[in-house]
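**Q** Listed here are the chains, written in short residue letters.
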Amino acid sequence: MIHSLFLINCSGDIFLEKHWKSVVSQSVCDYFFEAQEKAADVENVPPVISTPHHYLISIYRDKLFFVSVIQTEVPPLFVIEFLHRVADTFQDYFGECSEAAIKDNVVIVYELLEEMLDNGFPLATESNILKELIKPPTILRSVVNSITGSSNVGDTLPTGQLSNIPWRRAGVKYTNNEAYFDVVEEIDAIIDKSGSTVFAEIQGVIDACIKLSGMPDLSLSFMNPRLLDDVSFHPCIRFKRWESERVLSFIPPDGNFRLISYRVSSQNLVAIPVYVKHCISFKENSSCGRFDITIGPKQNMGKTIEGITVTVHMPKVVLNMNLTPTQGSYTFDPVTKVRPPLINCKQVFLQSLFCDGREGRRKSLMSWLKVKILTKPGEHTVLCSCPWLWREPHICC
Amino acid sequence: MPYLGSEDVVKELKKALCNPHVQADRLRYRNAIQRVIRHMTQGLDMSGVFMEMVKASATVDIVQKKLVYLYMCTYAPLKPDLALLAINTLCKDCSDPNPMVRGLALRSMCSLRMPGVQEYIQQPILNGLRDKASYVRRVAVLGCAKMHNLHGDSEVDGALVNELYSLLRDQDPIVVVNCLRSLEEILKQEGGVVINKPIAHHLLNRMPKLDQWGQAEVLNFLLRYEPRSEEELFDILNLLDSFLKSSSPGVVMAATKLFLILAKKFPHVQTDVLVQVKGPLLAACSSESRELCFAALCHVRQILRSLPGHFSSHYKKFFCSYSEPHYIKLQKVEVLCELVNDENVQQVLEELRGYCTDVSADFAQAAIFAIGGIARTYTDQCVQILTELLGLRQEHITTVVVQTFRDLVWLCPQCTEAVCQALPGCEENIQDSEGKQALIWLLGVHGERIPNAPYVLEDFVENVKSETFPAVKMELLTALLRLFLSRPAECQDTLGRLLHYCVEEEKDMAVRDRGLFYYRLLLAGIDEVKRILCSPKSDPSLGLLEDPAERPVNSWASDFNTLVPVYGKARWASISKCQGAERRGPELPNTASFATAGPLIPDENKERAQELPDSGALMLVPNCQLTAECFEKTWFSLKVAHQQVCRWRGAVHPDTLQMALQVVNIQTIAMSRAGAHPWKAYLSAQDDTGCLFLTELLLESENAEMQISVKQSEPRTETLNSFISVLETVMGTIGDIKS
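Taken in sequence, the protein lines are chains A and B.
Just so we're on the same page, our numbering is the position in the first sequence counted from 1, plus 1435.
Just so we're on the same page, our numbering is the position in the second sequence counted from 1, plus 939.
Please keep in mind that the hints were generated in silico from the structure rather than gathered at the bench.
Among the hints, a few may not be true.
[As the list claims (entries may be wrong)] Cross-link-like lysine-lysine pairs, in silico, PhoX-like; alpha carbons within 25 Å at most:
1. B:K1255 / A:K1456
2. B:K1071 / B:K1031
3. A:K1453 / B:K1018
4. A:K1675 / A:K1712
5. A:K1538 / A:K1570
6. B:K1018 / B:K950
7. B:K953 / A:K1538
8. B:K1217 / A:K1675
9. A:K1456 / A:K1538
10. A:K1608 / A:K1646
11. A:K1473 / A:K1498
12. A:K1608 / B:K953
13. B:K1255 / A:K1712
14. A:K1566 / B:K1071
15. A:K1646 / B:K1148
16. B:K950 / A:K1456
17. B:K950 / A:K1538
18. B:K1148 / A:K1566
19. A:K1570 / A:K1646
20. B:K1619 / B:K1578
21. B:K1148 / A:K1675
22. B:K1255 / A:K1733
23. B:K994 / B:K1031
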């Protein structure tokens, strides 16, 4: 299914390759680079590229491209999902999925890839099981290893692979039995220029960390399960029970896992915790302009808001900006013309003067920005990630 | 990249690995091996330390073993003789008490990829299939497929296949899935693994125990099973119901496809399924992973083609957010275009209008075309928006708007008046060929309603000399002639000038011919011109530009969850066709075997069948570069494979001949001057299998005959014959031109 995997960094170096069947030459990536060149922006590379002999399915994660080489017809979602799982595993093992981390742990990376895929087919991808096969690197362990000469590879087979419930290993024992649930909800919204909501929706997940002995059978009930649309479950949840009683009943895996993910899409339930206002003006007869953004918390929410980041993409003609934030810090990246971020604030008022240098260019800048003010709805897309415990879960063992 | 100084590194590592002190110290030994691996991954050639690495494999340290095996799998094809030495250790490890070691050794042994290894791995694999640890069985089952690949695809070991079929009953779910994968690969020639009733039912019962990858694949395999009765069918659907709500989009899509195909005779069930997966699909469309999002959007479009209103209530889901990559935005615009209805048209158009002024020209143009598409149903609102866009006086916007107008007045004649009012002034902002053609066409066809039409066309005629696109000139000729019929007084002079230019000065033949044609037509009289140019226009109801009618679900069900929705059917057909031809054989037995109603697959197979005889024919490689020395060496080392004479009169023009040969990918190595006696030429060509054809042409002055001698690097008569026939054709053609 998956013939080979290439990891490519932003500057176009192939820094890792792994072949599961025959060796595919690196030159196959030229087609990928070609597409990348055509796309102008790295983020715009199409995920599926066809070449005379192969298909290249790629994902872009944390400034790295994971390019897989496929030789026969496959379900594209399957491969994309798997590549994300690979990236997730790296993230899980090394704390970050970056080029440096992968290069530092290249041996573990190869071990992982070897276990995750055999002959091109996914094998062990559950993080619990992998961690028993190959222990993740920690500072303590590397010190211990260097003293005792022991390895980071489990000497025994993971028991989970032999138990009747594939996601849980047998004979788990803890002295403190505890279970934690994190309810994380993200609001995706498009706000139009006058500040009213065009579209808003909550994407929620419940992540669990379960440290319970034996084979616990848990059930979790919600105050108002009707709010949840499109729930998708971890395989451990008994689907029939949810359908009939709206109760989550399951034997959990050991350790960290994602229990469910869901959406809340009815508009009136989604309250956006911040407001955004903006104003753009131009000085007559000069190539400069002024651009203000105000962001503040909505009063009725009753929760403090932290960690706000504002990112503004400016058009390419903008040469420079002078920024004066009322709170927090800022940077201007002249390459991508992106202006992040502001941190920890109750209310932000940001002023910036921008200029595009050459007078001749002015006309196009003017028209572009003017058009944007007049017509563009959804000019601000606010994406807040606000972790707070929303519904108290009720657990009974 | 071959690094300079890799020899030094190899030498140093070799020393370290041989050092008995290092070997005694486990940590230092392992570090040295890790360095070898690190260099290997950076592209250095580390095959020099193969011997030392083989020795290092005899250890109890499992990490060290893993590293050494990784190394061996990479370099074994380069050093097959040395790799055989390692097999002994590997075989010993295959009977280690630790199942991890057994599995590891077996997997490495199967991945050695070198000739002659089959005889050594057969027994360990058979033992592995009966191992008590499931980990080893998993490896062994896939090892069967690898062994089969090493054998070359010739014979299928019946006993092994039976063993694998019986392992489908294994306790371990991954062993079961691996069996399917392995059988599929081994039986590729025979159409893959066979799913009969007991196997299908067994798999269905095991489904909940599998991991998500296994579920997705088993669902795919189940497509081959055809339930005997309606009752059985609905039992299966009930069993699989929960997979439509799985957390993995891959499983959801595979389940959807299975449902659609199994229920092909029950359209209401199909619709029901599509309603059920609406939620998961929409969730995938707003997933964090943009690649997933993209693939899901492609499938949404596919569904919309059969159920146009399916996602209409969720139209806001498909509004673009500014940070999304282009490929997603373009898909979303297409989707928006298809789910417009009376209630949401206002909001959708408002949103699309926002996109029209996007910084990216491509995206802006796609949005304008989308508005044009919606205009077929909601003409007035769209034409108004498009007209407003013209006011921005942006080049890339204006040209697309004018093109949209051109398509629109043809399909919706009622909007002609509005379009004609919007057009004046556009000509200043159009630079590209497509836009100019559209504008000129509009001015020609509806010129009588646009007051300044003749003067705009006159401007174009003034600048016709500097016009670079012949298509624009052609369009200009037609348009001006049309306008001349309705407004003769204003156009006569301009038309005269244009015709004069086209006939006297124009260098492009097509334009000149068109000019001459119109000139002669005018000579035939004005009535004749009217009869030809203003005959009834094509009827919009012909449906040339109209959307294809709703297509039944069954027409695309077999393409669902494949790459077809990503590429679009037409493009996919061409891609897979050329890939299939290159691979010399139909590679997609799985799609073909469960094709139900999809017309694509049978068509494709037919095309393939026609292509196959061709693929055995001669294919000359376009740029085979052979140096003169190399040619000479090869020429003297080979015997003449074929010699013949062909008729030839007069002298040879080397340039003509060289050019003609170039066209058929035959390169000229050396050639005598024109008129030399005797005249000689040496040619070379290479076909796609790497076989060289070297040719000598010899023309003696006294007889009118060209002597051709061909030498071939690999003796194969059929390609030789086709090469000679190619050469003969060229020589014949050149000869004919002269005589």
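**Q** Each hint: holds or not?
**A** Checked hints:
Of the supplied pair hints, the one linking B:K1255 and A:K1456 is violated, its CA atoms being roughly 44 Å apart against a limit of 25 Å. For the hint pairing B:K1071 with B:K1031, the CA-to-CA distance comes to about 18 Å; that is within 25 Å, so the pair holds. With a CA separation close to 19 Å, the supplied pair A:K1453 and B:K1018 stays within the 25 Å bound. Using a Cα cut-off of 25 Å, the hinted pair A:K1675 and A:K1712 is violated, with the two alpha carbons roughly 47 Å apart.
Between A:K1538 and A:K1570 the alpha-carbon distance is near 17 Å, which keeps this suggested pair within the 25 Å criterion. Distance check on the hinted pair: B:K1018 and B:K950 sit about 18 Å apart at the alpha-carbon level, within 25 Å; holds. The straight-line distance between the Cα atoms of B:K953 and A:K1538 is roughly 23 Å, inside the 25 Å bound, and the hint therefore holds. For a cut-off of 25 Å, the pair hint linking B:K1217 to A:K1675 stands: about 20 Å separates their Cα positions.
Restraint check for A:K1456 and A:K1538: satisfied, since their Cα atoms lie roughly 23 Å apart, inside the 25 Å limit. A distance of roughly 8 Å separates the Cα atoms of A:K1608 and A:K1646; the hinted pair therefore holds under the 25 Å criterion. Distance check on the hinted pair: A:K1473 and A:K1498 sit about 18 Å apart at the alpha-carbon level, within 25 Å; holds. Restraint check for A:K1608 and B:K953: not satisfied, since their Cα atoms lie roughly 47 Å apart, outside the 25 Å limit.
About 22 Å separates the Cα atoms of B:K1255 and A:K1712, which keeps this hinted pair within 25 Å; it holds. Taking the CA atoms of A:K1566 and B:K1071, the gap is near 23 Å; set against the 25 Å cutoff, the hint holds. Taking the CA atoms of A:K1646 and B:K1148, the gap is about 22 Å. The hint holds against a cut of 25 Å. For the hint pairing B:K950 with A:K1456, the CA-to-CA distance comes to about 30 Å; that exceeds 25 Å, so the pair is violated.
With a CA separation close to 24 Å, the supplied pair B:K950 and A:K1538 stays within the 25 Å bound. About 21 Å separates the Cα atoms of B:K1148 and A:K1566, which keeps this hinted pair within 25 Å; it holds. Annotation: proposed proximity of A:K1570 to A:K1646 holds, straight-line Cα distance about 19 Å (limit 25 Å). Straight-line distance between C-alpha atoms of B:K1619 and B:K1578 comes to about 19 Å, which keeps the hinted pair within the 25 Å bound.
At most 25 Å may separate the alpha-carbon atoms for a hinted pair to count; B:K1148 and A:K1675 meet this at roughly 16 Å. Taking the CA atoms of B:K1255 and A:K1733, the gap is about 24 Å. The hint holds against a cut of 25 Å. A hinted pair counts as satisfied when its Cα atoms are at most 25 Å apart, and B:K994 with B:K1031 qualifies at roughly 14 Å.
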